[in-house]
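A.B. asks: What follows is each chain in one-letter form.
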Amino acid sequence: MNNAEAVRTTLRDALAADDRTLLMGEDIGARGNVFLLTKGLQEEFGSERVLDTPLAEAGIIGVAIGLAMEGMRPIAEIQFADFIYPAFNQIVGEAAKVRYRSNGDYTCPLVIRTPYGGGVRGALSHSVSVEALFYHVPGLKIVVPSFPSDIKGLLNAAIADPDPVLVFEHKKTYRSIKGEVSEGYYTIEIGKADVKRPGDQLTVVSYGLYVHQALAAAERLAGENVSVEVIDLRSIRPMDRETILTSVKKTRKLLVIHEDNTFGGVGAEISAMVMEKAFFELDAPVGRLCGPDVPAMGYALALEEEFMISTDRMVEEMRALVAF
Amino acid sequence: MEPGALAADPARVKDPALLLAMLRNMLLQRAVDTRGFQLNRQGKIPIAMGSEGHEAVQAGTGFAFERGRDSLWVYYRNTGVVLAAGLTLESLFRSQFARATDTSGGRQIINHVSDRARGIASLSSIIATQCTHAVGAAYAYRLRRESDRVAICTFGEGATSEGEWHEAMNFATVLHVPVVFVCENNRWAISTPQRKQMANEHIAERAAGYGMEGVTVDGFDPVAVYDAVRAARAKAVNGGGPTLIEAKCYRFLSHTTDDDDRTYRPREDVEKERTNDPLPRFEERLIDAGVIDRAGVDALRAEILAEVNAMTDRIENEPSPTGADLYGNVYEGRHEPWR
Numbered sequence: 000m001n002n003a004e005a006v007r008t009t010l011r012d013a014l015a016a017d018d019r020t021l022l023m024g025e026d027i028g029a030r031g032n033v034f035l036l037t038k039g040l041q042e043e044f045g046s047e048r049v050l051d052t053p054l055a056e057a058g059i060i061g062v063a064i065g066l067a068m069e070g071m072r073p074i075a076e077i078q079f080a081d082f083i084y085p086a087f088n089q090i091v092g093e094a095a096k097v098r099y100r101s102n103g104d105y106t107c108p109l110v111i112r113t114p115y116g117g118g119v120r121g122a123l124s125h126s127v128s129v130e131a132l133f134y135h136v137p138g139l140k141i142v143v144p145s146f147p148s149d150i151k152g153l154l155n156a157a158i159a160d161p162d163p164v165l166v167f168e169h170k171k172t173y174r175s176i177k178g179e180v181s182e183g184y185y186t187i188e189i190g191k192a193d194v195k196r197p198g199d200q201l202t203v204v205s206y207g208l209y210v211h212q213a214l215a216a217a218e219r220l221a222g223e224n225v226s227v228e229v230i231d232l233r234s235i236r237p238m239d240r241e242t243i244l245t246s247v248k249k250t251r252k253l254l255v256i257h258e259d260n261t262f263g264g265v266g267a268e269i270s271a272m273v274m275e276k277a278f279f280e281l282d283a284p285v286g287r288l289c290g291p292d293v294p295a296m297g298y299a300l301a302l303e304e305e306f307m308i309s310t311d312r313m314v315e316e317m318r319a320l321v322a323f
Numbered sequence: 000m001e002p003g004a005l006a007a008d009p010a011r012v013k014d015p016a017l018l019l020a021m022l023r024n025m026l027l028q029r030a031v032d033t034r035g036f037q038l039n040r041q042g043k044i045p046i047a048m049g050s051e052g053h054e055a056v057q058a059g060t061g062f063a064f065e066r067g068r069d070s071l072w073v074y075y076r077n078t079g080v081v082l083a084a085g086l087t088l089e090s091l092f093r094s095q096f097a098r099a100t101d102t103s104g105g106r107q108i109i110n111h112v113s114d115r116a117r118g119i120a121s122l123s124s125i126i127a128t129q130c131t132h133a134v135g136a137a138y139a140y141r142l143r144r145e146s147d148r149v150a151i152c153t154f155g156e157g158a159t160s161e162g163e164w165h166e167a168m169n170f171a172t173v174l175h176v177p178v179v180f181v182c183e184n185n186r187w188a189i190s191t192p193q194r195k196q197m198a199n200e201h202i203a204e205r206a207a208g209y210g211m212e213g214v215t216v217d218g219f220d221p222v223a224v225y226d227a228v229r230a231a232r233a234k235a236v237n238g239g240g241p242t243l244i245e246a247k248c249y250r251f252l253s254h255t256t257d258d259d260d261r262t263y264r265p266r267e268d269v270e271k272e273r274t275n276d277p278l279p280r281f282e283e284r285l286i287d288a289g290v291i292d293r294a295g296v297d298a299l300r301a302e303i304l305a306e307v308n309a310m311t312d313r314i315e316n317e318p319s320p321t322g323a324d325l326y327g328n329v330y331e332g333r334h335e336p337w338r
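Residue numbers (numbering that gives the first Met the number 0), protein chains in the order written: chain A, 0 to 323; chain B, 0 to 338.
Treat the hints loosely; a few may be bogus.
[Stated by the list, open to error] Footprint (simulated), chain B over chain A, 3 or more residues, beta carbon under 8 angstroms: (1) 52-62; (2) 96-110; (3) 130-143.
[To be verified] One side of the interface only, derived from the structure: several residues of chain B facing chain A at Cβ under 10 angstroms: (4) Thr33; (5) Gln37; (6) Asn39; (7) Arg68; (8) Asp101; (9) Thr128; (10) Asn328.
Derived by calculation from the structure, the hints in this document are not laboratory data. No residue lacks a Cβ here, since even glycine has one placed at the ideal position from N, Cα and C.
Taking the hints into account, I'd like the entire structure generated from these sequences.
C.D. replies: In structure tokens form, the structure reads like this:
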């Protein structure tokens with residue numbers, strides 16, 4: 000199945016398995032979500048549990064927090080990650096702190112799903128990556144699954160989690176990425192990265208759409224007898240320090256690739272962490288191949304292509320770092 | 000309309016025990032607030048914030064709350080509401096002193112108390128954020144067919160300028176949930192008077208914009224507020240949806256001990272409002288109605304002062320959190336701080 004089907008079937012099974020769960024968001028009912036991810040779910044579970052909300056993101060998340068504090072398991076959707084900003088107050092100021100500020104008396108078992116990312120001609124307000132705005136915040140968990148099997152396992156884990164979890168889904172992978180998904184309920188532990196391809200000359204850490212491109216780049220380099228290990232981070236917070244460090248100590252070189260801006264991005268934290276924990280294991284400076292320092296990708300094709308990192312560029316960067 | 004114009008007939012509430020409980024709550028509120036200011040001036044607590052002028056609206060709201068059923072989504076100036084809803088006096092003093100056993104573990108600033116077992120929800124200081132939470136709680140009752148439960152939500156008039164407040168009102172009527180909104184309109188948001196906050200004279204007018212019923216009551220009259228909240232509550236449990244109640248009161252004190260209201264409002268205005276002080280007014284009403292006599296009121300005051308004194312001494316000597324307490328309850332289970 001593809002990533003979109005993985006999201007839909009996992010949400011469907013969650014609604015069927017637990018009366019406390021509900022979906023809420025803009026256009027998720029009759030329309031079945033703008034990417035058709037929730038198609039058919041309102042017919043099956045009714046308009047109370049698959050709730051079409053008013054067009055108000057802070058309200059969606061605020062109402063979801065109230066539901067979570069009262070023992071429900073809301074799964075809220077923000078239609079595009081670009082629209083999450085009005086809800087920043089509720090996510091950072093409220094959801095992330097409910098457990099902390101009540102010393103564990105109240106909890107906020109809330110899932111917020113949202114499609115993010117570019118390469119789809121979405122321009123300034125339908126393409127952004129927002130993970131760096133949230134990964135700074137203790138109290139939140141963030142997952143970015145990019146394979147159908149990971150989507151099922153991590154979305155299930157997010158729904159079962161007693162704390163707020165943001166699930167970022169790269170919209171370009173919804174129908175372009177397919178894969179096997181095991182039958183039956185399972186979870187994947189939040190905070191565990193996955194080595195998608197073993198190698199010994201360079202560690203590449205990535206997530207989202209670029210994991211798939213990094214794997215293609217590593218495959219090409221294999222033809223040149225260059226061995227690249229590709230780690231899919233999968234969870235941004237908590238972050239799997241051990242898998243990264245184990246790999247870096249083996250390959251002695253690290254390249255972080257993500258779509259979000261370089262400055263203050265997830266790669267900055269990974270780089271700092273490797274400097275602190277494995278400085279003497281490194282044979283080359285840590286490399287970052289990340290989004291350019293501009294507000295967003297443009298609508299014109301050339302402006303989108305300039306922002307996005309091609310597989311060719313990944314091959315070049317990987318080759319250069321291996322040769323360092 | 001002038002405060003008092005909608006004053007309820009005390010005879011409408013027949014139960015003398017309830018009237019006395021309200022009076023006690025109002026006296027206790029003021030005693031706790033006064034003690035907070037004294038402790039701050041003594042350098043024993045970093046900040047205090049009083050609700051003087053809010054005693055009536057808070058007693059009326061807090062006693063309309065049904066213990067064991069309803070949930071309460073308050074803001075920071077709500078000592079009377081939470082006490083009336085069942086929060087213990089210990090909890091309030093532990094909050095003032097930031098003790099280890101405070102409901103937030105000494106993390107939250109004064110009066111940010113919660114008690115899940117009693118339905119008193121955890122709050123932040125961020126204005127109006129609790130309003131959508133109350134709608135969510137009420138929607139949970141609807142989903143679970145818990146038809147005898149209501150979410151009661153309080154806020155000041157300044158909160159009604161926030162976008163999230165408007166989103167909460169809209170969600171409440173669109174979802175048609177059992178929630179009662181109570182605006183404690185004390186006419187000042189720190190230094191900003193109501194006329195700089197909005198063009199409306201009455202907060203209750205705003206309800207019409209959401210297809211909601213809006214009611215303005217005299218917030219210096221606990222019985223009027225109690226009646227209004229009970230009526231809204233009854234409507235909500237009968238499937239009638241949300242109500243916005245505006246209780247007009249006044250903030251007699253500065254915003255907090257860190258504020259000085261002499262810099263932005265004339266003393267005469269405050270003194271004029273003081274003539275409407277809900278406490279002596281309610282005492283007189285209960286004496287006139289024969290519910291209590293002057294000696295009884297004096298004895299009640301003395302009893303409350305003794306209780307507050309004893310509680311002050313007890314909680315002052317309780318342990319504070321230690322530095323290690325900073326790290327717990329970030330997530331469920333053990334959290335390994337990133338370092």
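A.B. asks: All hints, please: hold or fail.
C.D. replies: Consistency of the hints with the structure:
no., hint, verdict
1, 52-62, "holds (count 8)"
2, 96-110, "holds (count 11)"
3, 130-143, "holds (count 3)"
4, Thr33, "violated (27 angstroms)"
5, Gln37, "violated (27 angstroms)"
6, Asn39, "violated (22 angstroms)"
7, Arg68, "violated (13 angstroms)"
8, Asp101, "holds (8 angstroms)"
9, Thr128, "holds (5 angstroms)"
10, Asn328, "holds (4 angstroms)"
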